[in-house]
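Colleague: The task is simple: from the sequences and hints, build the whole structure.
Residue numbers (the numbering used here), protein chains in the order written: chain A, 155 to 953; chain B, 450 to 791.
The set of hints was computed from the structure by calculation and includes no laboratory data.
Treat the hints loosely; a few may be bogus.
[What the hints assert, rightly or not] Pulled from the structure, derived: some chain B residues nowhere near chain A, Cβ distances all over 10 angstroms:
(1) 453
(2) 461
(3) 536
(4) 581
(5) 584
(6) 651
(7) 686
(8) 775
(9) 782
[Stated by the list, open to error] No more than 20 angstroms apart at the CA atoms, straight line, and that leaves these computed lysine to aspartate or glutamate pairs for DMTMM-like:
(10) 726(B) x 321(A)
(11) 669(B) x 645(A)
(12) 720(B) x 635(A)
[Stated by the list, open to error] One-sided excerpt, in silico: chain B residues whose CB lies under 7 angstroms from chain A:
(13) 557
(14) 578
(15) 582
(16) 583
(17) 608
(18) 668
(19) 706
(20) 746
(21) 765
(22) 786
Glycine included, every Cβ here is placed at the ideal spot set by N, Cα and C.
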Amino acid sequence: MKIPMKWLREYTEIPADADTYMNKMIMIGDGVEGYETLGAEVEGVVVGKVLTCEPHPNSDHLHVCTVDVGEEEPLHIVCGAPNVAAGQLVPVAKNGARLPGGVKIKKGKLRGEVSEGMICSGEELGCPPELYPNIWSEGILVFQEDHPLGADVKPILGLDDTVMDFEVLANRPDCLSVWGVARESAVAMGTTFQKPEITVTENGKGEIHDYVSVSVQDPDLCPRYVARVIDNVRVGPSPKWLREYLFGAGMRSINNVVDITNFVMLETGHPMHAFDLDKVEGRQIIVRRAKEGEFITTLDGKAHTMQAGQLAICDAVKPSCVAGIMGGEESEITESTRQVMFECAVFDYASTRLTSRALGIRTESSGRFEKGVNIRTPLEAIQRACQLIHELDAGDVVPGIIDLYPNPVAPQVVTGSCRKIAQRAGVGIPAEDIVRILESLSFGVQREGDQLTVTVPDFRQDITVGEADLCEEALRVYGYDKIPSTLLRGETTPGGRSAEMALKDEVTSILTGLGFNEIMNFSFVSPKSVEKLDLPEGDPRREMLAIRNPLGEDTSVMRTTLVPDMLSTLALNMNHANESACLFEAAKVFDPARRTGEGLPTETRKLCLGVYGKQASFFSLRAVVEALLRQLGVETTVRKASASYLHPGRTAELVHGDEAVCLIGEVHPQTMDRFDLSARAILAELDLDQLLRLRQPMGTVKPMPRYPAVTRDLSLVMDEAVEIGPMLRALAASCGSVLEDARLFDIYRNPILGLNKKSVAFSFVFRAPDHTLTDAEITAAMDKLLKTAEEKFGAVIRG
Amino acid sequence: MGMKETINQLRELMAQELEKTEDKQSLEALRVRVLGKKGELTALLRGMGQLSPEERPAAGQMINEAREKFTAMLEARQDAIRMMERAAALKRETLDVTEPVPAVPHGSAHPVNLVMNEMVACFTGMGFEVVEGPEVELDHYNFELMNIPKNHPARDAQDTFYVDDNIVLRTHTSPMQARTMLTRKPPIRVICPGRVYRADEVDATHSPVFHQMEGLVVDKDVTMADLRGTLNAFAERIYGKGITTRFRPSFFPFTEPSTEVDLTCAACHGKGCRVCKGTGWIEVLGGGMVNPKVLEMCGIDSSVYSGFAFGIGLERIAMQRYGIPDMRLLYEGDVRFLGQFR
Chain A
155 MKIPMKWLRE YTEIPADADT YMNKMIMIGD GVEGYETLGA EVEGVVVGKV LTCEPHPNSD
215 HLHVCTVDVG EEEPLHIVCG APNVAAGQLV PVAKNGARLP GGVKIKKGKL RGEVSEGMIC
275 SGEELGCPPE LYPNIWSEGI LVFQEDHPLG ADVKPILGLD DTVMDFEVLA NRPDCLSVWG
335 VARESAVAMG TTFQKPEITV TENGKGEIHD YVSVSVQDPD LCPRYVARVI DNVRVGPSPK
395 WLREYLFGAG MRSINNVVDI TNFVMLETGH PMHAFDLDKV EGRQIIVRRA KEGEFITTLD
455 GKAHTMQAGQ LAICDAVKPS CVAGIMGGEE SEITESTRQV MFECAVFDYA STRLTSRALG
515 IRTESSGRFE KGVNIRTPLE AIQRACQLIH ELDAGDVVPG IIDLYPNPVA PQVVTGSCRK
575 IAQRAGVGIP AEDIVRILES LSFGVQREGD QLTVTVPDFR QDITVGEADL CEEALRVYGY
635 DKIPSTLLRG ETTPGGRSAE MALKDEVTSI LTGLGFNEIM NFSFVSPKSV EKLDLPEGDP
695 RREMLAIRNP LGEDTSVMRT TLVPDMLSTL ALNMNHANES ACLFEAAKVF DPARRTGEGL
755 PTETRKLCLG VYGKQASFFS LRAVVEALLR QLGVETTVRK ASASYLHPGR TAELVHGDEA
815 VCLIGEVHPQ TMDRFDLSAR AILAELDLDQ LLRLRQPMGT VKPMPRYPAV TRDLSLVMDE
875 AVEIGPMLRA LAASCGSVLE DARLFDIYRN PILGLNKKSV AFSFVFRAPD HTLTDAEITA
935 AMDKLLKTAE EKFGAVIRG
Chain B
450 MGMKETINQL RELMAQELEK TEDKQSLEAL RVRVLGKKGE LTALLRGMGQ LSPEERPAAG
510 QMINEAREKF TAMLEARQDA IRMMERAAAL KRETLDVTEP VPAVPHGSAH PVNLVMNEMV
570 ACFTGMGFEV VEGPEVELDH YNFELMNIPK NHPARDAQDT FYVDDNIVLR THTSPMQART
630 MLTRKPPIRV ICPGRVYRAD EVDATHSPVF HQMEGLVVDK DVTMADLRGT LNAFAERIYG
690 KGITTRFRPS FFPFTEPSTE VDLTCAACHG KGCRVCKGTG WIEVLGGGMV NPKVLEMCGI
750 DSSVYSGFAF GIGLERIAMQ RYGIPDMRLL YEGDVRFLGQ FR
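Modeller: What follows is the structure, encoded as structure tokens:
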């Protein structure tokens, strides 16, 4: 909330510069975003009177003027404005003056005529049109009132104030007002807050009920409604001080009556509304829930159809105002308004919020009602408005007040122990200080020993839980900077990472060690991204949890697979001409079909790897995944597999027991096209929750071998179609416990081997734990192995 | 010529020939020539038969001494040759040690996780336990138990992603605090790191998905000063010596009193610089004493126990620490960016 310092200083003394004041306010909990010094860039501009104004001898549009700025000699000034004329009072930037934008005025010659300064326009002075009506219209600014010659123009133009921008906390709606902030300022500065004395002169005829009747049909949404009537309304412009205050607070001046309602809202925090009583059908105000389809055109000229249940201020037949949000165009104050009814009410915050959202209208008023307007103070606010009506001679206040307040709210009383307050704060605030601070914040305090009974002031609605609230109040004024630093005491706790996090960390360290970079993508995706994978009908990944209010279609469903994001990230890297990428992402996927006991979608931690580049191949990625699984103690075998988005001949799964733990494959060319991949890429997908279940601790070491090993190499020729993985496993199994290791070391393809044949070379290592193997034992093992090769795989020794 | 002269001659010959040998082969040839079966010294030994029995012992001794001597000379020369050969080999094998080598690929955890890991290490060291929970969360845990009732401005549709009336994408990791308090007894010391969601459009400083780490302590006699001490320890550990906290009053529905916490600007050590906009402080986290209403709603007797809680945005810390100018870089996955982290 923006507040001009002058306005604050009407109610409290602030003996400090803007920076000091700002810091003090921040440190007691009244956030300040910053401040703006109006007219900071304007210097040396004074009121001058144009004595003579003659056409410039060498120009068809310039004038040569003599201007009296209250000095001995008038200044010679060349002026180009079409509206300059003798007799005007104008702002004159003298030699050496400064203007906004770093402009410096210097004595000089314009087409041969000496010019000792510049007559300024409103724009050149950075003076907003709100402050000085019509100043932008035609050339130089011409003062409409009398001012002493040579006087600084800044106070005249309202350019001599500092506007503070307060960041009001959600629990302090009372500070969405000048009085609220002034009250806090007094506490921060150690001064006193003085509200203006409010007296209302009632010089209207008759009594309020002669003019209007008010009924509240839905007091649940409008617990208090206060109204007063002004007769003989004299609508006109507001005085300069009022325009200045409104401008500083960021509001536009409309006319005296509307400005008063806005001024009172800013000053007291109570939004007000003014109705043109002649336009109120039946001179009846009925506060009720709208009926479905009732229609209203609001002040901003927009038509709205209201929904049943939204609160409206109606006349005898129709809504005249959307309660607490915006008035209707029909009963708007105009120059011809004769009689006005002021409304100062309290509306339910939730209802205001919902209606404001539904109709798409947000105003200063709705914002305040949403945060909570004080139910105990609207009377004071409406009286302040009536006082201003009289002071500004804007009408005659009719005697009588309508105040519909069926369930008055009693002042809040909370209790607390000084010892516990200080204990919570962790600072030994003496009881006397607690009492003093609470009293300075307008709390009524009764102390009996350690025990406090505290009456919460009217304007505070946030004090509800006793000690904790009182602690904050006491501590923020006593000083957060006095909180000492102590370490945790008491029973210790072991602490540590969760098993899930420990696994994730381990996976990260293995993969980063193997050259992989971790990526992070949003958890929500476009439904199209999964469509692009061509998953079969009924695949659970096609059913995605939808967000009701997404930012856009691209982020509208929770992902069920990490693959599309991985593919997009690979594509981005290819697009950026990065030679290669080895990436992984570990994140959750969401399955709305499987719900937890609480009705939440099942969340599973997945791991996805993606690579491309010269070194990247199906086999290189398989090697990485196998290394990862080996490190985790998950033994696997590999078998052929398929997926709609993977190359049909280059896809496999790694299997532990009967469970597939990893799907790995090269991206299908069709999928490459859909994701704009310009190079082959390989993916692997794992499930971290599954790995957490399957992973094995290392166990104990094997004894060191005591007897020598014997290595035998073997080349076998077989059909191309024979899968080497299963074959090697079968061969190894066939020769029993004397086999220590079996590995592939070469695959040779040559037509001389025969049609569709390959020669595969293996190396077998034999060893017994308890004796040196004999030739006979090794030969026996090799025989079994060869027999298996021939019988099961049709493989024979290469001749 | 007597035996002695012959041996002396032979010795001289040896010395001369040894000088000339430059490799194992010529050395072996010399050995054969002198000490071999048909060698010259062996010939002398054979010639002993012609000597008288009286002369034989002295001559035998002389020849044996000569053999030992010659053998030693040969061995010495052999060692010398080996040294020369090794020196030559070493010279041959000289590399241009400055030649560029192919890089072993190195990877890195995501910068947000680098920061998270460091923080987790810091807090687990202080006895905090990591708890994690659902990202798609019940409104009840995300808001109601955090003292943010229905229609509170903080749950404005503009801030929260809804799945339906009861299910939201968690807007903070606080629901895990609630879940923890509901299922455990004090003393509680947990941190809740994780992914959270707010309906903010993507720009240089906003992202609808980001990461937080919250901490919660519930025990007897926990105070604001304990919060400060814990966060001071954290600040020093993460940012280095001399980094401390500044508390500023604030408001969060789930804490009372609440505080914004600034840390000494690590770039200028509090002197004021561009990073901290001249203030010497960087706004880093929020926290406070757990609101007694929250404790009570989570089944903890607030007259016996008190607690503190705090929450830190990880992206912001990562951006400050690594000088990342635009939040979008974190979620783009360009290896030119990711490859810089270690």
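Colleague: Against the earlier hints, flag every one the structure doesn't satisfy and list their numbers going up.
Modeller: 4, 5, 6, 9, 15, 17, 20, 21, 22
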